[in-house]
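Each chain, letter by letter, is given below.
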Amino acid sequence: MSQFLVTGLNGLSYAFILFLLAAGFSLTFGVMGVLNLAHGALFMFGAYVGLQAVDSFGSFWVGIVLAFVALAVIGLGLYYFFLRHLYNKVPEQAVLTIGIAIIVANVVLWIWGPRAKIMQTPPGLTGVIHVGTLAFPIYRVFIIVVGLVILGILWWMQDRTRTGAIIRAGMDNKEMTVALGVNYGLVSTLIFLLGMALAGLAGVMGAPILGAYPSMGDNLLLLALIVVVVGGTGYIQGTMLGALVIGLFDTFGKAYVPQVALFFSYIVFLIVLLVRPSGLIGRRVF
Amino acid sequence: MALLEVENISVHFGGLAAVSNVSFNIEPGERLALIGPNGAGKTTLFNLLTGQLKPSSGKVLFKGQDITHASVFARTHMGMARSFQIVSLFSYQSVLVNALIGLQGIHKSRYGLVKYMLRDQELQAAARELLESVELWDLRDEIVSSLAYGQQRKLEIALSLASKPELLLLDEPSCGLTTSESADITTRIKELGSRITVLMIAHDMDLVFGVAERVIVLHYGRIACEGTCEEIRTDQLVKDIYMGSRKGLTAGSGGKL
Amino acid sequence: MADITKGVAVDATAPASRRVPRSLVEVVAPVAVIAVIILVLPLFIPSFVSSLVTKMMIYGLFGMSLNIIWGYAGIPSFGHAAFFGVGGYATGILILKVGISSFWINFLLAVAVAAVIAAILGVPAFRVFGVGAGNTNPIYFLLATIAFGELLSRMAIALRPLTGGSTGLAGIPEPDLGLGFRITSGRLYYLTFIVVAVCLYLMYRVVNSHFGYALRGIHDNEKRMQALGYNTWLYKYTSWIIAGVFGAVAGIMFAYFGSVMAPNSLAMSTSDISFLLVIMGSSTTFLGPLVASVVYVGIEYLASVYLPDRWPIIFGALFVFTIMVTPQGLGVEILKGWRRLVRGAS
Numbered sequence: 149m150s151q152f153l154v155t156g157l158n159g160l161s162y163a164f165i166l167f168l169l170a171a172g173f174s175l176t177f178g179v180m181g182v183l184n185l186a187h188g189a190l191f192m193f194g195a196y197v198g199l200q201a202v203d204s205f206g207s208f209w210v211g212i213v214l215a216f217v218a219l220a221v222i223g224l225g226l227y228y229f230f231l232r233h234l235y236n237k238v239p240e241q242a243v244l245t246i247g248i249a250i251i252v253a254n255v256v257l258w259i260w261g262p263r264a265k266i267m268q269t270p271p272g273l274t275g276v277i278h279v280g281t282l283a284f285p286i287y288r289v290f291i292i293v294v295g296l297v298i299l300g301i302l303w304w305m306q307d308r309t310r311t312g313a314i315i316r317a318g319m320d321n322k323e324m325t326v327a328l329g330v331n332y333g334l335v336s337t338l339i340f341l342l343g344m345a346l347a348g349l350a351g352v353m354g355a356p357i358l359g360a361y362p363s364m365g366d367n368l369l370l371l372a373l374i375v376v377v378v379g380g381t382g383y384i385q386g387t388m389l390g391a392l393v394i395g396l397f398d399t400f401g402k403a404y405v406p407q408v409a410l411f412f413s414y415i416v417f418l419i420v421l422l423v424r425p426s427g428l429i430g431r432r433v434f
Numbered sequence: 004m005a006l007l008e009v010e011n012i013s014v015h016f017g018g019l020a021a022v023s024n025v026s027f028n029i030e031p032g033e034r035l036a037l038i039g040p041n042g043a044g045k046t047t048l049f050n051l052l053t054g055q056l057k058p059s060s061g062k063v064l065f066k067g068q069d070i071t072h073a074s075v076f077a078r079t080h081m082g083m084a085r086s087f088q089i090v091s092l093f094s095y096q097s098v099l100v101n102a103l104i105g106l107q108g109i110h111k112s113r114y115g116l117v118k119y120m121l122r123d124q125e126l127q128a129a130a131r132e133l134l135e136s137v138e139l140w141d142l143r144d145e146i147v148s149s150l151a152y153g154q155q156r157k158l159e160i161a162l163s164l165a166s167k168p169e170l171l172l173l174d175e176p177s178c179g180l181t182t183s184e185s186a187d188i189t190t191r192i193k194e195l196g197s198r199i200t201v202l203m204i205a206h207d208m209d210l211v212f213g214v215a216e217r218v219i220v221l222h223y224g225r226i227a228c229e230g231t232c233e234e235i236r237t238d239q240l241v242k243d244i245y246m247g248s249r250k251g252l253t254a255g256s257g258g259k260l
Numbered sequence: 002m003a004d005i006t007k008g009v010a011v012d013a014t015a016p017a018s019r020r021v022p023r024s025l026v027e028v029v030a031p032v033a034v035i036a037v038i039i040l041v042l043p044l045f046i047p048s049f050v051s052s053l054v055t056k057m058m059i060y061g062l063f064g065m066s067l068n069i070i071w072g073y074a075g076i077p078s079f080g081h082a083a084f085f086g087v088g089g090y091a092t093g094i095l096i097l098k099v100g101i102s103s104f105w106i107n108f109l110l111a112v113a114v115a116a117v118i119a120a121i122l123g124v125p126a127f128r129v130f131g132v133g134a135g136n137t138n139p140i141y142f143l144l145a146t147i148a149f150g151e152l153l154s155r156m157a158i159a160l161r162p163l164t165g166g167s168t169g170l171a172g173i174p175e176p177d178l179g180l181g182f183r184i185t186s187g188r189l190y191y192l193t194f195i196v197v198a199v200c201l202y203l204m205y206r207v208v209n210s211h212f213g214y215a216l217r218g219i220h221d222n223e224k225r226m227q228a229l230g231y232n233t234w235l236y237k238y239t240s241w242i243i244a245g246v247f248g249a250v251a252g253i254m255f256a257y258f259g260s261v262m263a264p265n266s267l268a269m270s271t272s273d274i275s276f277l278l279v280i281m282g283s284s285t286t287f288l289g290p291l292v293a294s295v296v297y298v299g300i301e302y303l304a305s306v307y308l309p310d311r312w313p314i315i316f317g318a319l320f321v322f323t324i325m326v327t328p329q330g331l332g333v334e335i336l337k338g339w340r341r342l343v344r345g346a347s
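Protein chains in written order, with this note's numbering: chain P, 149 to 434; chain W, 4 to 260; chain B, 2 to 347.
In case anyone wonders, no lab produced these hints; they're calculated from the structure.
Every residue gets a Cβ at the ideal spot worked out from N, C-alpha and C, and that includes glycine.
So the derived list for chain W, only partly shown, Cβ under 7 angstroms to chain B, looks like this: (1) I104; (2) Y114; (3) L116; (4) V117.
Given these sequences and hints, build the entire structure.
Shown next as structure tokens:
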């Protein structure tokens with residue numbers, strides 16, 4: 149039983165890392181229709197920026213801020229110079245961003261070398277919390293809390309703010325939104341920045357658990373896209389649900405049926421595709 | 004026996020009934036027009052008939068067979084065809100290829116993997132006949148996107164006729180055309196002969212009154228009234244319905260529903 | 002595509018004898034020229050070059066097989082390596098684990114395996130095709146196809162006894178053509194040439210058949226195709242299997258060529274090559290991906306000689322360059338030039 153609970157907590161914290169990873173991905177493609185397949189590679193880049201910052205400045209928090217800012221800047225460049233010109237050309241966006249992902253992965257390899265790095269758990273977040281006879285690592289609880297805060301903020305933005313209203317309107321009818329005098333371009337740019345910045349944040353937060361290595365981008369990208377497809381696009385709740393399903397399935401799968409753990413989440417993914425192609429919580433766009 | 008029987012058909016989007024309890028029949032050879040102000044549910048009803056949408060309740064019978072759940076292409080094979088409000092062609096192909104693709108849709112050769120389609124003499128001859136009927140044969144090598152709009156409209160009609168339908172569903176066939184082009188389309192529809200039954204949606208009242216023998220007025224997803232052109236023209240209810248949306252009656256290029 | 006259409010357009014009124022399809026000049030002639038060059042080439046060039054040419058042919062076939070669905074039917078599959086890898090793995094497993102040595106039997110069985118896998122994966126793939134932003138932007142389909150390749154590659158890692166796990170299968174022998182005739186690595190060049198040439202011819206027939214034109218129609222306007230009486234799902238599904246089979250043939254030849262098969266031959270990094278070739282070579286011409294393959298393998302070779310560590314970055318930059326600078330594709334430019342040359346001469 150206690151084994152089960154610890155696995156559950158691990159699964160939950162993993163789910164929140166997945167959520168942070170996928171939230172940015174889902175925002176950019178569910179909301180703006182921009183498919184950024186470099187998301188995983190940029191997440192990885194964020195992790196490396198964080199690691200470097202911890203090395204140079206000795207502070208985890210500086211690392212988070214730096215990764216957040218660095219990725220926002222990269223996101224701005226990526227959107228402004230490339231993706232903006234490929235509006236509504238999803239296959240082209242995909243090809244372009246795959247190229248960028250390959251470049252990013254190899255630049256990271258060039259700068260930081262091929263060895264996997266793992267970040268020390270930041271001071272202040274080490275140790276465990278004792279609940280009865282169980283011991284939960286504080287850092288994992290921290291991830292869950294941060295994940296919940298981000299979820300709350302995004303949910304609030306989606307349902308309660310003008311930006312959210314613009315986004316929802318834009319999802320239904322971009323021309324209409326533009327005709328109403330809304331600066332859709334600016335909102336799109338900001339959403340893209342936010343999505344990238346979230347990837348940076350998640351990269352650093354995940355570094356003590358996932359580590360960082362140059363080839364992790366592809367794996368992360370696949371996880372993000374599985375989460376998004378399973379959860380359904382367009383709503384942050386969907387992404388959260390997808391992350392929970394995949395995070396828990398994956399963690400429990402590894403713990404109890406390790407033989408198939410390697411592609412357990414893909415099986416879930418295939419089943420969802422067959423049964424509910426628009427995702428668990430998704431807009432049915434037929 | 005009626006060619007098309009619509010029985011109590013309804014469809015809901017969320018809680019909203021877009022079409023509710025609509026019933027009507029079309030007799031073979033008849034020309035029926037479906038009119039109504041914007042948002043009346045014409046296009047939705049049309050999509051229910053073509054199979055693009057499935058009704059929440061009710062039945063559609065074609066030639067006595069229940070086709071409520073038949074796919075779009077199955078309906079075509081049974082003898083229904085449609086045109087599209089927004090010209091819907093293969094715009095990167097030549098006019099000839101458009102006609103060939105259109106013709107082979109109900110042809111058994113359409114799954115052929117080996118023979119070159121362009122050398123299919125039977126199809127070529129049929130394409131020539133089809134294109135000559137709309138005066139586009141001379142333009143057969145032009146890429147469709149380079150054609151004038153009026154010519155694209157004609158090709159649109161030709162493609163709807165390519166499957167040799169018994170029932171032709173026309174969605175705003177004169178949409179966006181000039182008056183003279185529109186008159187040309189009116190003549191063409193009239194000339195189809197009694198072999199082809201026509202149901203059309205139209206905003207253009209010249210077209211409706213020029214072609215239709217019977218008119219159904221749709222309002223808020225229901226049939227508000229139905230009758231001959233003369234009856235509809237003088238009907239007080241119809242006037243009331245259109246009073247608030249005068250635009251809907253005249254603007255041929257009016258927005259989509 | 003428009004170019005092809007016009008190129009092969011035939012005047013139905015002309016008597017049969019006078020009908021010389023322009024395709025003869027534009028497609029058959031260059032193919033024949035290239036074929037002759039390729040056949041006599043090994044006499045003049047060092048063997049490492051003929052091995053490069055072999056690779057060009059295999060990758061060319063790989064790209065062209067994807068182009069059947071991507072370019073003609075407008076189905077952007079990002080997991081085409083799934084079939085490439087399945088073809089290669091099936092060959093390796095049949096030789097090394099099952100013990101069938103005959104090239105012909107292996108070939109047929111591997112193709113059959115790939116067709117079955119394509120038939121299975123096609124069901125979920127086309128279930129999501131219209132989901133997302135509609136058929137013009139099949140985001141879900143795109144993501145699903147990426148995941149297929151990855152799923153298969155993970156299965157290849159997990160099924161160690163059969164597939165050799167993460168190190169893959171090594172030591173795939175040279176093809177045994179039967180009658181005691183085993184092809185040496187130098188002559189693999191000719192075998193590849195024959196296989197690729199036959200596949201090219203078959204694919205050419207397919208894309209210009211009734212079926213092939215229906216695929217073009219679906220690319221342009223799927224709704225209209227349905228209204229015309231086409232079961233478009235069946236077309237997309239069938240074309241997916243056809244593309245998968247030809248992709249698998251490329252994989253089979255690649256297994257013999259490299260004599261190893263690793264899990265990443267099923268994964269994204271290999272799929273990347275296939276759609277780079279399609280985009281680079283232009284999805285609107287039949288031979289585009291083959292032309293792109295020549296350029297691609299050439300650049301890869303030069304990079305491996307002069308900038309051995311930087312090849313992956315160049316590879317990535319090729320994607321960006323192609324999309325941003327030559328979205329029409331290099332192949333289309335080269336073919337246009339060829340047409341101008343032919344028309345100018347005649």
